[in-house]
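J.: So the chains spell out like this:
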Amino acid sequence: KAGVTQTPRYLIKTRGQQVTLSCSPISGHRSVSWYQQTPGQGLQFLFEYFSETQRNKGNFPGRFSGRQFSNSRSEMNVSTLELGDSALYLCASSPGAGGATTGELFFGEGSRLTVL
Amino acid sequence: SQQGEEDPQALSIQEGENATMNCSYKTSINNLQWYRQNSGRGLVHLILIRSNEREKHSGRLRVTLDTSKKSSSLLITASRAADTASYFCATGPTGGFKTIFGAGTRLFVKA
Numbered sequence: 313k314a315g316v317t318q319t320p321r322y323l324i325k326t327r328g329q330q331v332t333l334s335c336s337p338i339s340g341h342r343s344v345s346w347y348q349q350t351p352g353q354g355l356q357f358l359f360e361y362f363s364e365t366q367r368n369k370g371n372f373p374g375r376f377s378g379r380q381f382s383n384s385r386s387e388m389n390v391s392t393l394e395l396g397d398s399a400l401y402l403c404a405s406s407p408g409a410g411g412a413t414t415g416e417l418f419f420g421e422g423s424r425l426t427v428l
Numbered sequence: 096s097q098q099g100e101e102d103p104q105a106l107s108i109q110e111g112e113n114a115t116m117n118c119s120y121k122t123s124i125n126n127l128q129w130y131r132q133n134s135g136r137g138l139v140h141l142i143l144i145r146s147n148e149r150e151k152h153s154g155r156l157r158v159t160l161d162t163s164k165k166s167s168s169l170l171i172t173a174s175r176a177a178d179t180a181s182y183f184c185a186t187g188p189t190g191g192f193k194t195i196f197g198a199g200t201r202l203f204v205k206a
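From first to last, the protein sequence lines are chains D and E.
According to the working numbering, the first sequence is numbered sequentially starting from 313.
According to the working numbering, the second sequence is numbered sequentially starting from 96.
Derived from the structure by calculation, the hints contain no laboratory data.
These figures come from a predicted structure and were not determined experimentally.
Check the hints yourself; a few may be wrong.
[Unchecked claim] Straight-line C-alpha distance at most 27 Å; calculated DSS-like pairs for lysine-lysine:
(1) Lys369(D) x Lys151(E)
(2) Lys121(E) x Lys151(E)
(3) Lys165(E) x Lys121(E)
(4) Lys151(E) x Lys164(E)
(5) Lys205(E) x Lys369(D)
(6) Lys369(D) x Lys193(E)
(7) Lys151(E) x Lys193(E)
(8) Lys121(E) x Lys193(E)
(9) Lys164(E) x Lys205(E)
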């Protein structure tokens with residue numbers, strides 16, 4: 313079974329630009345979560361989607377947005393990039409459930425964004 | 096804000112020694128998990144312990160959970176150079192849909 317696939321793996325943007333990152337979850341997984349990882353702030357939760365619905369959102373400005381498609385693939389977008397957005401963006405999938413419990417997360421290798 | 100806080104922040108040991116990492120958290124949880132991350136890579140799930148469990152083993156890993164103290168510990172026995180990585184605890188809060196990660200412990204195992 314293929315793992316979580318994130319594209320692109322590396323990208324460089326300049327301030328003010330926007331970026332779209334893609335995540336393909338493990339087949340059959342319906343929940344996709346996004347995290348931002350930086351040396352100073354660690355792993356910060358961005359949002360979680362289940363069956364195309366955003367169930368939870370972290371404390372990030374509105375420049376950060378996401379969506380999930382009917383095939384469970386997910387994208388996140390960051391508009392008007394700032395230097396501080398430079399980070400490793402990690403996507404994780406899980407089978408998901410209708411209830412509130414969370415379980416094991418399967419992570420992709422991440423997309424490393426550098427903002428110049 | 097982060098839910099879990101690991102202690103110590105960094106740990107350096109010799110191959111063959113045991114490594115113990117601790118995690119404290121703030122709110123009620125459904126479960127607590129430990130993950131490992133090699134430099135710049137994705138995280139790999141190690142073990143999950145539910146809130147009604149006190150101890151769990153998996154190979155060379157032993158995890159304990161004390162919900163009264165809101166703390167957990169991860170013990171890696173007979174460590175190997177290949178165990179060099181960052182280790183994170185993560186909690187699934189009661190009633191939530193998100194898993195919150197701590198700041199991590201960087202483990203360095205010297206051969």
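J.: Going through the numbered hints above, which ones does this structure break? Give me the numbers in ascending order.
T.: Hints 1, 5 and 9 are the ones this structure does not satisfy, whereas the remaining hints hold.
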